[in-house]
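Engineer: Fit chain to chain and form the complex, with the hints in mind.
Chains as they are written, first to last, in this note's numbering: chain A, 1 to 538; chain B, 1 to 519.
What the hints contain is simulated information worked out from the structure, not anything from laboratory work.
Don't take every hint at face value.
Here are the simulated EDC-like pairs of lysine to aspartate or glutamate, each with C-alpha atoms no more than 20 Å apart in a straight line [to be verified]:
| id | chain 1 | residue 1 | chain 2 | residue 2 |
| --- | --- | --- | --- | --- |
| 1 | A | Lys323 | B | Glu189 |
| 2 | A | Lys149 | B | Glu171 |
| 3 | B | Lys127 | B | Glu171 |
| 4 | B | Lys166 | A | Asp152 |
| 5 | A | Lys378 | A | Asp420 |
| 6 | A | Lys372 | B | Glu371 |
| 7 | B | Lys410 | B | Glu448 |
| 8 | A | Lys323 | B | Glu361 |
| 9 | A | Lys28 | A | Asp5 |
| 10 | A | Lys323 | B | Asp186 |
| 11 | B | Lys417 | B | Glu371 |
| 12 | B | Lys410 | A | Glu362 |
| 13 | A | Lys105 | A | Asp118 |
| 14 | A | Lys372 | B | Glu361 |
| 15 | A | Lys372 | B | Asp150 |
| 16 | B | Lys410 | A | Asp193 |
| 17 | B | Lys270 | B | Asp284 |
| 18 | A | Lys372 | B | Asp186 |
| 19 | A | Lys28 | A | Glu286 |
| 20 | A | Lys323 | B | Glu171 |
| 21 | B | Lys410 | A | Glu191 |
| 22 | B | Lys166 | A | Glu314 |
| 23 | A | Lys372 | B | Glu171 |
| 24 | B | Lys83 | B | Glu336 |
| 25 | B | Lys417 | B | Asp449 |
| 26 | A | Lys323 | B | Glu185 |
| 27 | A | Lys399 | A | Asp336 |
| 28 | A | Lys165 | B | Asp150 |
| 29 | A | Lys102 | A | Glu66 |
As a plain string of letters, each chain reads:
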Amino acid sequence: MKRHDVIVIGAGHNGLANAAFLAKSGLKVLVLEANPYIGGATVSRELYPHWTYSNCSYVCGLLRPEIYRSLELARHGLQIVPYGGGVTFTRDGDILGGYLDKEVKRREIARHSPRDADAYMRYSRDVMRQCRLIRTLLMRTPPDPSSLKWRDIREMIHLGGEFAKLGEAGIHDTMRFYMLSIADYLNEYFESDLVKATFAGSGIIGTALGVQSPGTAYVLLHHYMGDVDGQMGAWGFARGGMGAVSKALAAALQAHGGEIKVGAGVERVLVRRGRACGVALANGDEHRAHVIVSNVDPKRTFLKLFDASDLQPEVLRLARNFKIRGSSGKLNIALDGLPDFPALGAGNPLISGDMHFLDSLERYERAYDDWKNGTWSKDPYLDLLIPSVTDPSMAPPGKHMMSVFVQYVPPLVHGREWTDADREAFKQTVFDQIARYSPNFRSLVLHAEVRTPRELEAEVGLTEGNIFQGELTFDQLFFNRPFPGYAQYRGPVRGLYMCGSGTHPGGGVMAAPGANAAREILHDLRRESTVPEGWSDD
Amino acid sequence: MTERLPVVIIGAGHNGLVCAAYLARAGRRVLVLEAGTRIGGAAITREFALGYKVSAVAHLLHLLDPTIARELALAGHGLSYAKTALRTVALSMQGEPLIISGSEILGNGISAADRSAFGLYHARMQKFSRFIARQHGRVPPRLAFSSWRDALPAAALGVDLRRLGKRGMREFLRVATMNIYDVLEDTFENPLLKGALALDGVLGAKLGPRSGNTVYGALYRNSGSLDGQGGVLALPRGGMGAVSDALASAARAAGVEIRCGSTVSQVIVKDGRATGVRLKQGTDIGAECVVSNADPRTTLLQLLGARHLEAEFARRVQHLRIAGNAAKLHLALRAEPEFRGVRPDQLGERLLIAPDMAYVESAFNPAKYGEFSAQPVFEITLPSLHDPSLAPAGQHVLSAIVQYAPYDLKGGWARCKSAFLSAIMAVLEQYAPGIGGLVLHTELLTPEDLEQQFHMAGGHWHHGELALDQFMMLRPVPGAAQYAMPVDGLYLCGAGCHPGGGVMGSAGRNAARVILGKR
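Okay, chain B solo, but in the shape it has when bound (with noise of 0.2 Å):
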């Protein structure tokens, strides 16, 4: 009697690290291929400078599930935290910032009005963050039922949607599409304040302020709920990459096998059932079934190949709307910057320049044309000044996230990044005078960057917009978002499907729990 086949898993970014983990608790032979020379993904920390670590992509842990760490006994397996409950700071040229911690705001002349408003809008949304998150931890529902049984998840959805309440639900009805610039000048005066919650409606998409969807990408941002508590933004000690160690760790206790610098460049199909996968150095793979933490492009159309789909299915792969728009900057300081009106005692918080939301909608502007934005906001992190093992005694490093950056910049990114990178600094030498003069080192990862180094097409950290029109059942494309792909034994584990990007693990955990309901 020959071994059974293993399950195997394309890519061991924390989403193929958490699927690897369950499939092989659950008495699975799980192999994970992975191209990089080092597991991860996006979800690592990388020495961009000798003696200089940050989180390469993904820079704070928030989204994170509980279930997950829970289950695979993340803990245990080294992850720890350097910092938890970040406060955000909103930096102003003015001088006071606003700082936002959980349901409070203080600082930057506050009015007592906004003060109150905040409350009531923080609940709020923490209320739809949580139905939200519900989600996250399901298998999308079908919405044709040849059963009573398939009809369960849709008719589960509209339970929680009660849960909300009557008013919590019309309003919710009411707020999921919407743009948040208006909810947010319908409920605030103070720009500052407005400024810093539209950034997070508009972080990581081709979207400004006005746009709609806007709400449900703040609502998406602050569905984690880390220790218990919504919305709370983490460090992990040593960087990003710590989670996927952990999960890396957690993986291999339950037996499964992972091999680094094996790039996978073709899924094998027999009689219409993938089989198993091709490498690069050109040996096969036999395997029971292949999971692809890959983005959704990148599996069906080069790994897998059109020819193996139906034309419809192919044209919406095709038409992913996967090109990203935010930057990733490094910097090795030699010492603290400043940054106006910041006490030290702030500096290690989330500093974000977003000083109002016609800036930030200025900023996205021209995007829309494919150029970068002049003036970019940011959401900055210092987290060597929480995790000194990221830098000599002393010196720190800074890493940002920057938009907009549009992957397909006109004139191209090889001609204009350094303009980029010039117009950066000029901005925060502004917000930090004289940080321009403590830069060591510089690194930035444009788009294209991300794409080559991180194998994301589009250089998407989310694997595709996050946006109503790709979320849920929409997820990565309709007909395929229950990740088992039109081909049999092709499954998708990635941000790319449900519920999508951002340190979560929970695309891994559902695509995991498709498999083995499978038979």
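Bound-form chain A, shown alone (with noise of 0.2 Å):
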């Protein structure tokens, strides 16, 4: 029977960062994780001898620069590469290809279409308009409009604040930003479906929509708000794979005395007079602390977590009704040297970028109306990425290592568990899809590991396998994630707390629901706060 200040349940990312920055104010820190290993869903593994993948998350581009330098990532050894922008690949051969260069980038669309290329600057112009307002709030907690607190008033006059000084227009275009589809988005901007194809990809990564649903181009600026060495929207590589991520802020985590268990899996928080008050291990050993923080998504705190009777019934139906849906999958693999892609041409840069195979918004859609019917996309959105071209860590000298990112992907197979021939006819799909811009990329794999939602629930204990802990819609966004009422990082049990992408701002590997909610603890321990204030140097 062993007593911390602080228990965090499950060493993600953001478990880590709220653990360091607790540890750093000088609290006795214990972070318990299931696996033998740390990271969740940001780790690099050894799956197939002397290739290392990131077989969850792949890339890095969200990580809160405040962050990186108030835990001196660097110093414990985070390097983050920048990498070679992307390509879309056509039915018919061609390719749009998103050079880093700007105006590279524009004369490349003007080749498509000449009047999307100016689309394209007023596009992202507007895009960053956008970005530059949400990244204030990033490492913000959220306020609550229905409470009259001074703390939440103060925190509406401020947001009012920052929304007055984009103007009416502005305000309206941020209205309509966050309730109309990328499709329709685009649309406003764009003529070419193949441009239109090439932006789309974002508004649905890791998101059970379809470019038509509403708020889908929010989707797209969660994926454009982070920045690599203050290159907004940019894009890179950990060096030695994701879990570069996580070994850097465990590190620091350890720097400043805290610990962490492995192996450790929680499978009880305590409650004693309506507080929590530690935490019961499936092995039986308990562990008290008078603060526990859970990195685990909402459902499963609460709904596996906690004994039923220590909730209030509408806690149970807010964490029921929560909406955490698997949509993507993930094929890594192994091969033997570097594919070919004709359409690309040899040398060309292109090749380290991420490589998409939709050209068309037709086609992204009827990709989800396959998810919706119960199935994996026989014609798949693929984000696929050869890390070890930017970083030669990650395979043996002239092989490779090749991440596929695979949307739209159930967490069940027309209402069933998949089966290893749903597995093996999945991977067949993909395969295909990549051979058909690829011709000798079947002949180069070694190995592949195929993850389908399930892996990921059963891996990293994310509910469906959903990547962000949790859908990144309106009704689950800002005050309202995870539940409106409890989006302060103070979960409806006294002493305990939530870090999870479950919490504002959401997925990626950011680390600010991590700090976040560290600095809510701090705030209610009356100790002052280690988290750093938000800035963006745009």
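Structural biologist: Now the structure itself:
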């Protein structure tokens, strides 16, 4: 029976960030992780000898620079390397290259539609405006609009101020942006279906919605609001795979005297007199603490880790109705060499960027219809990357590692569990999609890890295998995330806090939820905050 | 001293007539110019075959603002109802239908759990609908404040939100943007009930139950409060035209002059100000100001012309989402049809074909690709059961809204209309075996037909999608939501403005208030 000030359930990147900030303020912090390794979905694993797979999350772009600096993650070994743009392949053997150099990209778009090349300038300006607004909110706790507490009113006033800066037209644009589907939003700028398809992908990644579903314009923003060394909207690789992120966070935590226990799965949060006072492990051990923080998704936290009698029925209802849908899968592939993509041509820098194969909005939408009908997309959206081109440490010399994010993939196939036959058929669907654009791809495959939403739930614990710990729709964003009235990281039981992606500002390897939760905990403990103020260098 | 120029209103739709009546009652000279041979726009009763009359577009009255009905004394001007408080009958292939009447549900082996859940659901939706209805009677707030007075409308909105109470406000802010599919899945078991309620969320829109915004659609649809009760459905005696006739008579009584058969071809602009209109016949009519009941796109891009608009603004109007997705079916029947499991006394209610949410969603899917539903959803009424004046004795008319029928159909309506009609009749036959044999005359109005016959761009009866990116201060387009257009002296008063479509009249009344407040 051991005592700590704080117990964090789950060593995902948010749990680690949260623990690190709490330890930094001098608290005795213990992080309990069910798996034999830390990181949750932010891991590097050697599932095939000498190959490193970032087998869940695979790119890094949202990690808040404030956190990177204040936890000195660079000193703890984290290095983020920007990668080379992106490309969309067309069925007729052409490409649309998303080169990093904006001017080159504009010319490339002009090749397909001169009108859209100009529209692209307006488009990126407008999206960046939305980024600037939301970036000021990432490191802040959402106000409760229904509350009359001074703290909430002050935050609402601050929010109003941020909006007022946009001017009336700006506010209108923002309102529309949050309500529109990505398809409608893109239709307002572009005429070429290929150009629209190129930008549409970010609107649906990780989301059980189609490009025509209202609310997907925001999801696009969610993928644009990050930056890699000051480059807004840019994405990069963590050198050594995503595990490097959790490793650095863990190192920061330990440097401040925090402890991590792996292979220690929490079974119950212990509640006494309406107050969370400790946790019971699967192996029977008990740990006590004044503060219990859950990095686990809201559904699992309240429906699995709690005794129902310890929670109000209303909370159970909200948890049951929380939308956390599995919509994506992943293939991690060890390759004997670099596959050719004839449409790219030899030596094209875009080989190091992300590759997409849907060249029309209709193909996107039909992919979603398959998911609605309970099966994986027959013509799936792929976000394909070959990290080993940028980071040789991922594979042996001359060999390569390929990461393929796949959408849409349902948590159940026609309402039943995945079978091995399903998994194989799913793998072939993805292979076919790739082979259509890379004839020699199949012959290079040495090993492939197939991940459906099931694997993600079984290994990492994310309900239904949802990568964001909950859908990023407005009913579950900001002051609604995870539930209305519980969006300030405090749980429904005293002493319980939430720090996962299921809280504001949501998913992606951002670490902001963990940091914001730490700030609220320190506030409640009347300790000075160790969490940096949000800033933006825009 | 020359006589004061009239306010010219383009279009004698119900909103145009409401606007005219209020302006005239405030002492303005008002001239209404209607292109059609008769008044009413999309709120008319039409003889689609000799002896058979139907409400040609809108066929159920539920949103009409009671304040307008009272202030304009519409009852005194001849508006009466053949039937109010219509119940909803959700048809089932398996037999027993489900009846929804107010806060009660009966039939189709409905479980006790669903029955009690519905009570709560209904009460909550009513509460939220009343909140929305309160906004309908107001001019949308400005969001940039030069003085505390400008801030008042926005503040009023905030106060209304608070009046929902802490829990109510939280719940509203959660569900307002949601899709109705999730809300219904979370609340009910019975598939037929979920299908029927989902239809309220998608009727008239290019949305499926799983699309966001559909909860708002359902709230909007139930925001009417005819004879003081929320969400009441009614059939005006003599069809929807009776509403327009009453409005016209009220307007005339107030001194409004209405000219039919005079098509406005252009709004005349002199030194940046709308000074009158030019008729198709070539004559010009000077105006104190010009108010258009036409849809925003027609008004701003055709009648006014983009050259009078700032480029960015014109681009927004260009991108208005204004393509219709609902068709209207009219059948003349030689006798009462029989619907599966529907008792004769239930036949006159609002009949729905939306057996479950998956059915509605798959009806929607083709619309995304410019195809019509092979298995459409229906909202059916048989008004002649309540109003014999609509059909010869013993015979009947059937009026149905049928979805989905995208305006920009692949292959064009000219080629595919008959295919859609047979798809419609096939489904109808399944639910009403033998109905095909009773049909004497058929009229199917696709969005294309609605556009041509009722001068609505895109054939969208709401003059633009009713979605959260086109509502309140965003309707019709940001910066023009307060009825005054960027060109001085030009106003909009139609469904394209806040609060939107449905025979409501609020847009016309709000516009009139803005115009009168102008000076």
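Engineer: Now tell me, hint by hint, if it's right for this structure.
Structural biologist: Hint by hint, here is what the structure shows:
1. A/Lys323 - B/Glu189: Between lysine 323 of chain A and glutamate 189 of chain B the Cα gap is close to 18 Å, so the pair holds against 20 Å.
2. A/Lys149 - B/Glu171: Roughly 19 Å separates the two Cα atoms, so the pair holds.
3. B/Lys127 - B/Glu171: Distance ~11 Å between lysine 127 of chain B and glutamate 171 of chain B Cα, so the pair holds.
4. B/Lys166 - A/Asp152: holds, 14 Å
5. A/Lys378 - A/Asp420: holds, 17 Å
6. A/Lys372 - B/Glu371: holds, 18 Å
7. B/Lys410 - B/Glu448: Holds, at about 13 Å.
8. A/Lys323 - B/Glu361: holds, 19 Å
9. A/Lys28 - A/Asp5: holds, 5 Å
10. A/Lys323 - B/Asp186: At roughly 10 Å apart (the allowed maximum being 20 Å), aspartate 186 of chain B and lysine 323 of chain A satisfy the hint.
11. B/Lys417 - B/Glu371: Satisfied, since the Cα-Cα distance of roughly 11 Å is no more than 20 Å.
12. B/Lys410 - A/Glu362: holds, 13 Å
13. A/Lys105 - A/Asp118: holds, 11 Å
14. A/Lys372 - B/Glu361: This hinted pair holds, its Cα atoms lying about 9 Å apart.
15. A/Lys372 - B/Asp150: Not OK: lysine 372 of chain A and aspartate 150 of chain B at ~46 Å, beyond 20 Å, violated.
16. B/Lys410 - A/Asp193: holds, 16 Å
17. B/Lys270 - B/Asp284: Measuring from Cα to Cα gives roughly 13 Å; hence the hint holds.
18. A/Lys372 - B/Asp186: holds, 17 Å
19. A/Lys28 - A/Glu286: Answer holds: lysine 28 of chain A to glutamate 286 of chain A is near 16 Å, not above 20 Å.
20. A/Lys323 - B/Glu171: The hint holds at about 15 Å.
21. B/Lys410 - A/Glu191: Answer holds: lysine 410 of chain B to glutamate 191 of chain A is near 18 Å, not above 20 Å.
22. B/Lys166 - A/Glu314: holds, 14 Å
23. A/Lys372 - B/Glu171: It is violated: about 27 Å lies between the C-alpha atoms, which goes past 20 Å.
24. B/Lys83 - B/Glu336: holds, 18 Å
25. B/Lys417 - B/Asp449: holds, 11 Å
26. A/Lys323 - B/Glu185: holds, 12 Å
27. A/Lys399 - A/Asp336: Given that 20 Å is the threshold and the Cα spacing comes to 5 Å, the pair holds.
28. A/Lys165 - B/Asp150: holds, 17 Å
29. A/Lys102 - A/Glu66: Roughly 26 Å between the alpha carbons, so the hint for lysine 102 of chain A and glutamate 66 of chain A is violated.
In terms of the numbered hints stated before, the structure departs from hints 15, 23, 29, listed from lowest to highest.
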